[in-house]
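**Q** The lines below spell out each chain.
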Amino acid sequence: MKFAIVLNGCSQTYRSQAEEIYGFLKTSFLTEGEGETFVVCENEKQRDEIIRYAPTALLHLIKMDRYQPEAILHFIEHYEGMKEFRYILFPSDFAGQELSVRLGSRLKGSSMVAVEEIDVLEDGVLCSKLVYGNHLRGYFKLDFPPFCISLQKGGKEPCPIPVIKNRQIFNYEQRSDQDSFIQTYLFKRSEKDEGLESAAFVIIGGYGLGSREAALNLQKKASELDAGFGVTRPVAMNGWMNMGKMVGVSGELVKPKLCLVLGASGSAAFMAGIKKSEFIVAVNQDAKAPIMNQCDVAVIDDYVPVMDALTALINTWQSDFETKRTSE
Amino acid sequence: MKVLTCFKVVPDLTLLTDEDWQVVNNQVDVGFVKNDWNPFDESALEMTLKLSELSESLSGSMELTAVSVGNKKIDSFLKTLLALKFQHAVRIEAEQDLRFNPHQIAAWLAGYVKKSHQDVVVMGVQSGVGDNAQTPLLLAEKLGWPSITQVIGIKPEKNGCLRVTSQMDDGVLEQVIKPPVVLSVGNAPNSFLRVPTLKDKLNYGKKSVEVIIPTDIIVDNTTEAEIHAPKLIKLSAIENQRDSVKIQDGTPSDKATILFNRYLKQRLKKL
Ligand SMILES: Cc1cc2nc3c(=O)[nH]c(=O)nc-3n(C[C@H](O)[C@H](O)[C@H](O)COP(=O)(O)OP(=O)(O)OC[C@H]3O[C@@H](n4cnc5c(N)ncnc54)[C@H](O)[C@@H]3O)c2cc1C
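Going down the list, the sequences are from chains A and B.
For the first sequence, the positions run 1 to 328 when our numbering is used.
For the second sequence, the positions run 329 to 599 when our numbering is used.
None of these hints come from the bench; they were simulated from the model.
Check before you lean on any hint, since a few could be wrong.
What the hints assert, rightly or not - Think about it this way: if two alpha-carbon atoms lie no more than 25 angstroms apart in a straight line, the pair counts; the simulated DSS-like pairs of lysine-lysine are:
| hint | chain 1 | residue 1 | chain 2 | residue 2 |
| --- | --- | --- | --- | --- |
| 1 | B | Lys598 | A | Lys324 |
| 2 | A | Lys153 | B | Lys562 |
| 3 | A | Lys188 | B | Lys486 |
| 4 | B | Lys362 | A | Lys288 |
| 5 | B | Lys442 | B | Lys407 |
| 6 | B | Lys483 | B | Lys506 |
| 7 | B | Lys483 | B | Lys378 |
To be verified - Quick list of the computed label-pair ranges, beta carbon to beta carbon:
| hint | chain 1 | residue 1 | chain 2 | residue 2 | range |
| --- | --- | --- | --- | --- | --- |
| 8 | B | Lys362 | A | Lys2 | 47 to 55 angstroms |
| 9 | B | Leu526 | A | Lys45 | 55 to 63 angstroms |
| 10 | B | Gln569 | A | Lys257 | 19 to 27 angstroms |
| 11 | A | Asp177 | B | Lys486 | 20 to 28 angstroms |
| 12 | B | Lys362 | A | Arg66 | 38 to 46 angstroms |
| 13 | B | Lys486 | A | Lys165 | 51 to 59 angstroms |
| 14 | B | Ile541 | A | Lys2 | 38 to 46 angstroms |
| 15 | A | Asp123 | B | Ser404 | 37 to 45 angstroms |
| 16 | A | Lys257 | B | Glu384 | 49 to 57 angstroms |
| 17 | B | Gly499 | A | Asn171 | 23 to 31 angstroms |
| 18 | A | Lys257 | B | Leu526 | 47 to 55 angstroms |
| 19 | B | Asn487 | A | Phe170 | 34 to 42 angstroms |
Unchecked claim - Sample of chain A residues facing chain B (criterion: CB under 10 angstroms; computed from the structure):
| hint | residue |
| --- | --- |
| 20 | Asp93 |
| 21 | Tyr185 |
| 22 | Ala312 |
Using N, Cα and C, we set each Cβ at its ideal position, and we do this for glycine too.
Chain A with its partners taken away, still in its complex shape (with noise of 0.2 angstroms):
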């Protein structure tokens, strides 16, 4: 069965998403010889990494002056070997999502957006995805090919992508006037903070955390801690930390060893960020709120005496630690 995956490579996450897409295919009933990859790439640099990184062999790069998302559609719609394929994927991220549901639309199929996995139906196709602020899970029927579909964020493991011998790359050129709408457009990269995804232990801080200088405070106790520092979605949209730091269905996904979420409700949209942590510790007052059962360890009180008499105990633990460890 044709398909075909659809992949940003002027963004600097192409190889983050080209992994999200080989795990995803590697789960899937899909195999990779008959599928093609569409990458639209900025400038020469990033060949070399584009190629490298392509789930498929065969491989159609496009040049274009910049992510532009009328002329990469203009592009994808009018290619004249579209109609072949019966699926074409996306990755998560905000471009995945926008290009699915146009190219759907426009090619005249079905489209869903964050879709967790795919089964064949002989009319059809089943997609999984989680509705309802992640409470329960929807199964639902495509009907028209292409199924153009992107895929949720943390859903399958990432997998690297083997060196593949016999590439086959198509270039192409795309000058469009599909964006004469933009009279100017300055894109400021942003360095993101990587420490936060990878990180061992994680601490994060919700709504009960009350204002700004208790978030800041508790950022300043999370790095002398060596931990990282993440906020739920109301302490970011309250300007008490940047968005970057959101964890969550709309932000960051975690995965540490040991997660401390302090005055953070529990709620399904926030816990889909943190659920794949090893261990998780929570402070709350309130001793029904819906994290305090989906959590290791509980601990029932106001979360700003508890902190500090914790964090007493791991610097004291940590300097008898350091001490022991030169003495020896």
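Let chain A serve as the given structure and place chain B with the ligand on it in line with the hints.
**A** Chain B with the ligand in isolation, oriented as in the chain A frame:
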């Protein structure tokens, strides 16, 4: 410039307890919890108001319309928007199950946009309970307009243009664009919807909500919308519980000591 802001009123699902998540006939009873603005749409509404205020000094006033799809239970939300000085508050009358049918919503919205000659549409990227995240994108396609997603800021510019800031995965994009355009709003900080003053409530809240029936705005592709919507086969509950140990006795310092000695020390050692 005519700006249409689309919003949805959603049940606050965080209020449901574990026992409330019973699926019967592919439905969950959420009728007893309070309704609220969908958070992304709330940001869209507030950003529209800010945009309009800023444009007054630059390029004259904007004509603001707020629209939602539903029954008369949502009229109180529309009235609040009138009190916040949206000139028009429109409800597209609908009673049917639209949870997983963004195609239908987009078809009606497209019909309304065309009928009322809007220049800009602003709405949230996603909304509960369907979490489809498709409506603004399908709307852009039905209108044949460009679209910018994950918008976090909108400012007026000269000559009827807008300066739109959006969040991309590896940075922030700022574009000056010429409408028409569909803007879908993402995680925009400090965009909680303001509360109307009592005076404005009295002065403007009395204006009535305009109710439209879908047949008035139907465009030819509505049946296509019905067909292309995904078909819900099954809803099932997700198990998220862990066997949690509760530490609840003693002073905060006692609790911290138990937590540290029993559960954290060994783990921290291994980090
Ligand atoms: C489409 C969508 C996507 C979303 N995505 C995300 C997301 O990615 N991430 C996210 O976090 N949210 C997300 N949300 C929002 C989510 O639904 C919740 O509203 C949010 O997670 C609640 O954050 P919170 O637990 O910090 O705040 P609250 O629910 O207000 O909880 C605060 C908690 O702090 C406790 N508390 C207060 N004071 C103290 C104290 N001194 N000591 C100890 N405990 C105290 C209270 O008992 C309460 O349980 C999303 C919502 C939607 C609709």
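**Q** A separate judgement is required for each hint: does it hold in the structure or not?
**A** Against the structure, the hints:
1. Lys598/B / Lys324/A: holds (16 angstroms)
2. Lys153/A / Lys562/B: holds (22 angstroms)
3. Lys188/A / Lys486/B: holds (23 angstroms)
4. Lys362/B / Lys288/A: With Cα atoms ~19 angstroms apart, lysine 362/B and lysine 288/A stay inside 25 angstroms; holds.
5. Lys442/B / Lys407/B: Roughly 24 angstroms separates the two Cα atoms, so the pair holds.
6. Lys483/B / Lys506/B: holds (12 angstroms)
7. Lys483/B / Lys378/B: holds (8 angstroms)
8. Lys362/B / Lys2/A: 47 to 55 angstroms: holds (49 angstroms)
9. Leu526/B / Lys45/A: 55 to 63 angstroms: holds (60 angstroms)
10. Gln569/B / Lys257/A: 19 to 27 angstroms: holds (21 angstroms)
11. Asp177/A / Lys486/B: 20 to 28 angstroms: holds (23 angstroms)
12. Lys362/B / Arg66/A: 38 to 46 angstroms: holds (44 angstroms)
13. Lys486/B / Lys165/A: 51 to 59 angstroms: Given a distance of about 55 angstroms, which is inside 51 to 59 angstroms, the answer is holds.
14. Ile541/B / Lys2/A: 38 to 46 angstroms: holds (44 angstroms)
15. Asp123/A / Ser404/B: 37 to 45 angstroms: holds (44 angstroms)
16. Lys257/A / Glu384/B: 49 to 57 angstroms: holds (54 angstroms)
17. Gly499/B / Asn171/A: 23 to 31 angstroms: This hint holds: roughly 26 angstroms between Cβ atoms.
18. Lys257/A / Leu526/B: 47 to 55 angstroms: holds (53 angstroms)
19. Asn487/B / Phe170/A: 34 to 42 angstroms: holds (41 angstroms)
20. Asp93: For aspartate 93/A, the interface hint holds, since the closest Cβ of chain B sits about 5 angstroms away, which is under 10 angstroms.
21. Tyr185: Check passed: Cβ of tyrosine 185/A comes within 5 angstroms of chain B, closer than 10 angstroms.
22. Ala312: holds (8 angstroms)
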